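Colleague: Chains as they are written, first to last, in our numbering: chain A, 4 to 437; chain B, 3 to 379.
I should point out that these hints are in silico values taken from the structure, not numbers from a laboratory. These figures come from a predicted structure and were not determined experimentally. All residues carry an ideal CB built from backbone N, CA and C; glycine is no exception. Careful, some of the hints might be misleading.
[To be verified] To give a feel for the contact side, a few chain A residues facing chain B, derived at Cβ under 10 Å:
| hint | residue |
| --- | --- |
| 1 | Ser147 |
| 2 | Ala180 |
| 3 | Gly181 |
| 4 | Thr182 |
| 5 | Arg193 |
| 6 | Gly360 |
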Amino acid sequence: MKKLAFSFMAVAGLIFTSCDSDDNGGDDLPLEATCDDGIMNGDETGIDCGGSNCGPCETGVENPDSYSFERNGESTVSFTGQTTRLLMGDEILGAFSDVSATVEQIQAMFAHQEGESDFENADLNASDKSISSKTAASADYFSSNAVDQGLIRADFNGWIAAQVEEVFPNWNVAAEAGTAGQIADGESTRYISAQGLEYNQLFNKGLIGALTVDQALNNYLSPAVLDEGSNVANNDSGTTEEDKNYTTMEHKWDEAYGYVYGLNANSADPNADLGADNFLNKYIGRVEGDTDFAGIADEIFQAFKLGRAAIVAMDYEVRDAQAEIIKEKISEVIGIRAIHYLQQGKNALSQETPDFGGAFHDLSEGYGFIYSLQFTRKAGTSEPYFAKSEVDGFLTDLLDDGENGLWNVQEATLDALSNAIADRFEFTVEQAAE
Amino acid sequence: MKKVWFLVLFAALFVACSSDNGGGDNGSDNVDPAPVSFERGAMLENWADNIIIPSYESFTAELSALKAAFETFKTDSNEANLTALRASWLSAYKTWQHVSLFEIGPAETVGLRLNVNIYPVDAEKIDGFVQSGSYDLTLSSNRDAKGFPALDYLINGLGENDTAIVSKFSTTEKDGLISYIDVVLNDMETLITQVISQWKAGYRDTFVNNDGASSTASVDRFVNDFILYYEKYLRAGKMGIPLGVFSGEVLPRNVEAYYKADVSNELFLEGLAGVQNFFNGNHFQKASSGESLASYLEALNTLKGGEDLAELINGQLNAARTRVEALGSFRSEIENNAPPTNMLKAYDEVQRAVPLLKVDMVSAMNISIDFVDADGD
Numbered sequence: 004m005k006k007l008a009f010s011f012m013a014v015a016g017l018i019f020t021s022c023d024s025d026d027n028g029g030d031d032l033p034l035e036a037t038c039d040d041g042i043m044n045g046d047e048t049g050i051d052c053g054g055s056n057c058g059p060c061e062t063g064v065e066n067p068d069s070y071s072f073e074r075n076g077e078s079t080v081s082f083t084g085q086t087t088r089l090l091m092g093d094e095i096l097g098a099f100s101d102v103s104a105t106v107e108q109i110q111a112m113f114a115h116q117e118g119e120s121d122f123e124n125a126d127l128n129a130s131d132k133s134i135s136s137k138t139a140a141s142a143d144y145f146s147s148n149a150v151d152q153g154l155i156r157a158d159f160n161g162w163i164a165a166q167v168e169e170v171f172p173n174w175n176v177a178a179e180a181g182t183a184g185q186i187a188d189g190e191s192t193r194y195i196s197a198q199g200l201e202y203n204q205l206f207n208k209g210l211i212g213a214l215t216v217d218q219a220l221n222n223y224l225s226p227a228v229l230d231e232g233s234n235v236a237n238n239d240s241g242t243t244e245e246d247k248n249y250t251t252m253e254h255k256w257d258e259a260y261g262y263v264y265g266l267n268a269n270s271a272d273p274n275a276d277l278g279a280d281n282f283l284n285k286y287i288g289r290v291e292g293d294t295d296f297a298g299i300a301d302e303i304f305q306a307f308k309l310g311r312a313a314i315v316a317m318d319y320e321v322r323d324a325q326a327e328i329i330k331e332k333i334s335e336v337i338g339i340r341a342i343h344y345l346q347q348g349k350n351a352l353s354q355e356t357p358d359f360g361g362a363f364h365d366l367s368e369g370y371g372f373i374y375s376l377q378f379t380r381k382a383g384t385s386e387p388y389f390a391k392s393e394v395d396g397f398l399t400d401l402l403d404d405g406e407n408g409l410w411n412v413q414e415a416t417l418d419a420l421s422n423a424i425a426d427r428f429e430f431t432v433e434q435a436a437e
Numbered sequence: 003m004k005k006v007w008f009l010v011l012f013a014a015l016f017v018a019c020s021s022d023n024g025g026g027d028n029g030s031d032n033v034d035p036a037p038v039s040f041e042r043g044a045m046l047e048n049w050a051d052n053i054i055i056p057s058y059e060s061f062t063a064e065l066s067a068l069k070a071a072f073e074t075f076k077t078d079s080n081e082a083n084l085t086a087l088r089a090s091w092l093s094a095y096k097t098w099q100h101v102s103l104f105e106i107g108p109a110e111t112v113g114l115r116l117n118v119n120i121y122p123v124d125a126e127k128i129d130g131f132v133q134s135g136s137y138d139l140t141l142s143s144n145r146d147a148k149g150f151p152a153l154d155y156l157i158n159g160l161g162e163n164d165t166a167i168v169s170k171f172s173t174t175e176k177d178g179l180i181s182y183i184d185v186v187l188n189d190m191e192t193l194i195t196q197v198i199s200q201w202k203a204g205y206r207d208t209f210v211n212n213d214g215a216s217s218t219a220s221v222d223r224f225v226n227d228f229i230l231y232y233e234k235y236l237r238a239g240k241m242g243i244p245l246g247v248f249s250g251e252v253l254p255r256n257v258e259a260y261y262k263a264d265v266s267n268e269l270f271l272e273g274l275a276g277v278q279n280f281f282n283g284n285h286f287q288k289a290s291s292g293e294s295l296a297s298y299l300e301a302l303n304t305l306k307g308g309e310d311l312a313e314l315i316n317g318q319l320n321a322a323r324t325r326v327e328a329l330g331s332f333r334s335e336i337e338n339n340a341p342p343t344n345m346l347k348a349y350d351e352v353q354r355a356v357p358l359l360k361v362d363m364v365s366a367m368n369i370s371i372d373f374v375d376a377d378g379d
């Protein structure tokens, strides 16, 4: 019996130790759902309601089965501009592997002008939409922050230029520390800078934040946009936009939706083919595939659906509560993937035979997701999980362990970055790493 | 009341933390494993000295013979010499199947497997290289234009029949073709020479002396590599991918040795034999054997459903062999049957060994699987 008690204590000690190492030992307690404390905590889906412990939230708004909404028998859902930009993004990513492309050509794709023949797809050429005009362009974060907006757009243009000027000339050169070129990653071949960076990954994963997350969370789901001008009065009276079947508020919400689900085959039931694009949709699917986070894709979709139904029902409190859920969950996706790739990169480097190609690919994806952290949104605040200056600091740390960037990166650096990111979220490095 | 609160709190902590322990929940019962009289070091020695290094040596000799056959063909490009060259190619390719699974240490450093045998081969790329005479086969992006699959194309796929193929070597293309094949053969020789010399120059001792039981110990690492080989390169690469098991549509172009057309089964069976010989610790091309995964399982007295696990694994591998032996060539099975039912049945039989190795065997040995399917991007 004594022995049993002792081992019980030992086990208890282990548990406490494992919690401490996550740096949130004591902080865990308030996270438990408390259904009468006036704040949304635990897995509650509203204040003191929803989730596994509390009673269901009384909304008065019925959540429909699918994302389909009609007025006078016709759909009111429209987000063609978002679909167009996601398709433009795919073509730009393709251009990163076309060694005949020039800086001017790829930058023109990024800042497309109506009628210019920048793309293979003629519909895209005819469009008046562009990606760059919506990069770092949300109402909440950038309407009066032209300085950062300019710096961020310069980063994207810089990655395009660097791909053409540094990597294309060395396309048929074997990369080594300090020399751009190609490197094997399993059966794939990666094309990296002298620092080990894959610019197409920086561009791709960076755009997940700067375009899709920023536009959805900090622009279209923001009351500043949803309630702008006479949007509320028009929505209350059912006044649609000229020649359109939707109210402006409905359309704004759908535009957020379009940045997340714009390429899914059936937009009414997008989780049936998660991974339909190379941007946010794909990585919601990836996080959903990690058993630690299974269910997150449905949480995001349910919130989009209920929020849209709330607009129809003119219940703006419910609408905003759903927007908060979406902000939190999508921000988590970015944080989880940033850590995931840092840890995958660490694993690849720590083998007896370091897998540099695999590691650089992972770390380049991680770089892009870290970059995207500055566009996340803490629910209930007007702040990202990490400020631009913090993100810039992380990215500097990632590359400054030696003179050759990722070729010199230390495991301790990757762990330190992972821990710093996880500290501000409700998940652990271990959960995100898998 | 206070006590109850403490218990609740404790329970909450337990729940909160348990998910962190996913990989390490065997921590407490791991401290003092049941004493087993099995020496991992002896098994590593047997692997290195009686299986791995002799296989590499045999493969090196096969490559030399292949180069010699090509020299003969070069000086006299006739059909008889082409036939002989092809026989040497097949013989070396079969020996390769006994080497491919040892992708650890020096082989991993040079990326031997994917430098010697990526298929399908990019024939168009080879045509371009032969014509331009300008290529660097050491580049990662050119791995699909060299190794055995490139030779398959160059000695089996350049024409409809042997007369047509031989005639290619008497045209203006001759010099380009000859020097391309030379570069391919030399590249293979350089790689294998590097690998075997590193094994002999020190890696053998590193490998054998790292005889502990942890995720970085030789046994744990190699068992992972071994299972990865079985699952990805033998099961999926040689059968599952061409069968369309993963893509949903058959891909006959992806069979191994596509141009030779009738040897993909043989190559598979060699690979399977390599796997089973390794599992049983059989000395390379000898009747003798030594400590192995099978003898390790026996020492652990591992049973599954009351049956000896090592015997179950051997039984399953035998069943897979019987199924595959009964098939026509993989290419014809896939091209002439829709769906290719018999080959799919054989694939299922091959697959059935995966859980026995990847779940039952590794849990008996307390080895954790560290590979996952790649991201795919």
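Colleague: Each of the hints needs a verdict: does it hold here or not?
Modeller: For each hint, the structure was consulted:
1. Ser147: violated (37 Å)
2. Ala180: violated (16 Å)
3. Gly181: violated (18 Å)
4. Thr182: violated (13 Å)
5. Arg193: Hint on arginine 193/A: holds, closest Cβ of chain B at ~8 Å, below 10 Å.
6. Gly360: For glycine 360/A, the interface hint holds, since the closest Cβ of chain B sits about 7 Å away, which is under 10 Å.
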